[in-house]
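Chains A and B, in that order, give the protein sequences.
The opening residue of the first sequence carries number 1 in this note's numbering; numbering runs sequentially from there.
The opening residue of the second sequence carries number 1 in this note's numbering; numbering runs sequentially from there.
Source of the hints: derived by calculation from the structure; they are not laboratory data.
Bear in mind the structure is a predicted one, so any value in this text is a computation, not a measurement.
Check each hint, because a few of them may be wrong.
Quick list of in silico lysine-lysine cross-link-like pairs, BS3-like style, CA-CA up to 25 Å [unchecked claim]: (1) Lys61/A - Lys201/A; (2) Lys266/A - Lys51/B; (3) Lys236/B - Lys164/B; (4) Lys266/A - Lys327/B; (5) Lys224/B - Lys184/A; (6) Lys224/B - Lys201/A; (7) Lys22/B - Lys201/A; (8) Lys22/B - Lys61/A; (9) Lys184/A - Lys194/A; (10) Lys22/B - Lys236/B; (11) Lys58/B - Lys164/B; (12) Lys264/B - Lys274/B; (13) Lys201/A - Lys58/B; (14) Lys224/B - Lys61/A; (15) Lys186/A - Lys224/B; (16) Lys282/B - Lys264/B; (17) Lys22/B - Lys164/B; (18) Lys61/A - Lys184/A; (19) Lys274/B - Lys22/B; (20) Lys164/B - Lys51/B; (21) Lys186/A - Lys216/B; (22) Lys216/B - Lys61/A; (23) Lys266/A - Lys282/B; (24) Lys186/A - Lys201/A; (25) Lys271/B - Lys282/B; (26) Lys224/B - Lys236/B; (27) Lys216/B - Lys327/B; (28) Lys62/B - Lys164/B; (29) Lys58/B - Lys167/A; (30) Lys201/A - Lys282/B; (31) Lys51/B - Lys184/A.
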Amino acid sequence: MADQASDLLKDYQAMAKQSWDSWTRYLQQQMAGTSPFAHAAGMPHGGSGDDLLARSMAALKGYGEWLQGAAGSGLGQAGGDWQQSLNQMFAGLGGQPFAHAFASIDNESARSFTQLWQSWLQATQAGAAGHAFDVEHMAAFGYTRERQLHQQAMAAAMRDYLDWAGKYQALIQRANTEGLERLKLKLADLGDSKQQIDSLKALYDLWVDGAEEAYAEIALSDEFRHVYGAMTNAQSRLRLLQQEQLDAFCRELGMPTRSEVTALGKRLQELRRELRATSSNAGADEVSALRAEVAALKRQLADQPAAEKVIAKKPVAKKSPARSSKRSADDEMVRRSSKPAAAVVARKSVVRGATRTRK
Amino acid sequence: MFPPVRLDPAALMGEISAFQRKLSAGLGNLAHQQEPEYANTPREAVYREDKLTVWHMKGQGKPTAKTPTLIVYALVNTVWMTDLQADRSLVRNLLEQGEDIYLLDWGYPDAADRWLGLDDYINGYLDRCVDAVRRHAAVNAVNLLGICQGGTFSLCYAAIQPEKVKNLVTMVTPVDFQTPDNMLSHWSRELDVDLFVDTMGNIPAELLNWVYLTLKPVRLNQQKYVGLVDVLDNPKELANFLRMERWIFDSPDQAGEAFREFIKDFYQQNKLIKGEVVIGGKPVDLGLITQPVLNIFAEQDHLVPPDASRALGRHVGTTDYTQLAFKGGHIGIYVSGRAQREVPPAIHQWLSSRS
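With the rest of the complex left out, here is chain A:
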């Protein structure tokens, strides 16, 4: 049985390689023109075709490798010890069967960032003629004193970030390890209930369930929360120092800096808010004046003798019977006055005032 599996595995591996190569060629063609500036700019992971290809295909590649490992492990074949086979299979894959799925989550957004700064750190430590040079702890003095201090701050921030990133990575690895343990427990439960996994995909799906459960438990722990926050904050501090350095370079070259653009944006937004608030207040003033006018007109109407009101309403009712009585009364009120009421004059002046203000 094992020999049969071994032969099949060889056939499969040949086929898998052929298939994988064709995928790779295809995607490399697709990615070839993606970012022509990445290499020119010396970006370590600037989104070049190969890098994007590796990232997008890592999931399927990881699964393909796992299939190969599972097929060659003898797992699930008659007479074998399934637990031993499972351990062997995972051990054969370095104990991390789906390294991509977990291990990359700490560095996809920060990978280029980390590598860039690690290179910088190594370069600053190399010193003259390859001698170790502890830039971080040297006393700063002389004309370049301020720059030395800044470099020291960056070195310290980088170390701090790498320290927290390492702790984060350790938690991720723990989730991966515990995921395997959960898979074993789930399989044992299946055995107890006399159910069987009869496909690699079903086994994989069961592992995913266990891995996600293990990860969720760790991700919701206080330890994870602290490490996650500290890592993010450490990276922010380092980025901020980097930006300050870039600002200094830009100033030397007479170019606008990030902090200047940010300050301009802030002032512009504050002006926009003030402008809107001013025009909004003007509108509110106008509404208040109109309300006061309506109230004054109502009072004026109420003060008129009852007989005059009745006389005034009659022709209106004939001309436009469909109108509401309130509207008719208000219309008639304006028409009936030979001279504009004081409130109307007030309204006009307010409107004119608002118009002037807008100009």
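Following the hints, position chain B against chain A.
Coordinates of chain B only, in the frame set by chain A:
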């Protein structure tokens, strides 16, 4: 002990071969795939300001609803989740029921929008969009249908401007931001958000997308793409998959200042349920929301846990409160087959009985 794994070598090789065949065949299908289109329900822009647009969505017939409904989406991702494809479109479904639908499309903020805060978004943009819909539809008040963070915005708005909101529908909307199972909230708790925003400026969509993927890293980074192989030989399913990928990753950056305020006040300090949110000097008291409220949430939501949404019932002031639990996830509530059958009819029925 009964062996839980039994893999017949021949069947195993058959499974692997089938996987490889699908993978190989998929090359050709992927090579000929166009950029997948959204449903693109006919629409007309009725208001534009800076980068946002209010769209009036057009159905086959005239709306029968007397009150228009403005859909307010979150600032993350795009509103086109509600009109993803012709047979999976909340918008089309609501139009077919006779609702009059407007969409608020926030657009893609850039560095010029770095200083937009929640006051600008809620008391500014949202208020002017509501006014635009009121003018266009010639009504005094509109229905708001807020989604996710857009639901939270709608709650704030309804509390501040109650006279302009007739009915309020919230979908997968966080209200209690610190339920024990809220992973995003947990992770944000020790984040120095001032330092983060001061450093990043606007928050890149790519970074946020990665954070969302890490909520379920194996499922979303690997299992999903293993599953893709199963549909590579099915052009329709492949197009659906790629359309969803487009929606997931075609995301706007977040205006830095609004992000700062939202993380601080809502995620880190959970001020909404404490009645402590103040936006542009205006206090947000959920108890002042007396309009009818329909609160819809997803039972398997990993981004907004159900309890985060259920909390609304305990804090909102209305006596006309309805809650609907949907069996699905944060995205499935819009695009799954079950969602098409259950959600739009429920919204329509609820709205029509309060028109």
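- Message: Lys58/B and Lys164/B were given as a pair; does the straight-line alpha-carbon distance stay at or below 25 Å?
- Response: holds, 23 Å
- Message: Please verify whether Lys51/B and Lys184/A have alpha carbons no more than 25 Å apart.
- Response: violated, 52 Å
- With a cut-off of 25 Å on the C-alpha distance, tell me whether Lys266/A and Lys51/B pass. Holds, at about 18 Å.
- Pairwise hint evaluation, Lys224/B against Lys186/A, where the allowed Cα distance is 25 Å at most: Judged against 25 Å, a Cα distance of about 21 Å means the pair holds.
- Message: Check the hint pairing Lys216/B with Lys61/A against an upper bound of 25 Å on the C-alpha distance.
- Response: holds, 19 Å
- Would the pair Lys236/B and Lys164/B pass a check requiring their Cα atoms to be no farther apart than 25 Å? violated, 43 Å
- Item | Agreement of Lys22/B and Lys236/B with the hint, judged by alpha carbon distance not exceeding 25 Å | holds, 15 Å
- Message: Lys164/B and Lys51/B were given as a pair; does the straight-line alpha-carbon distance stay at or below 25 Å?
- Response: Measuring from Cα to Cα gives roughly 23 Å; hence the hint holds.
- Message: So if I understand the rule, the pair passes when the alpha-carbon distance is 25 Å or less; does Lys266/A with Lys282/B pass?
- Response: Status holds; Cα separation ~22 Å.
- Task: Take the C-alpha atoms of Lys266/A and Lys327/B, compute the straight-line distance between them, and say whether it is at most 25 Å.
- Result: Not satisfied, since the Cα-Cα distance of roughly 44 Å exceeds 25 Å.
- Query: Between Lys22/B and Lys164/B, is the straight-line Cα distance small enough, at 25 Å or below?
  - Reply: Answer violated: Lys22/B to Lys164/B is near 54 Å, above 25 Å.
- Pair hint Lys224/B and Lys184/A, alpha-carbon separation not exceeding 25 Å: holds, 23 Å
Figure legend: structure checked against the earlier numbered hints; hints not met, in rising order: 3, 4, 13, 17, 19, 29, 30, 31.
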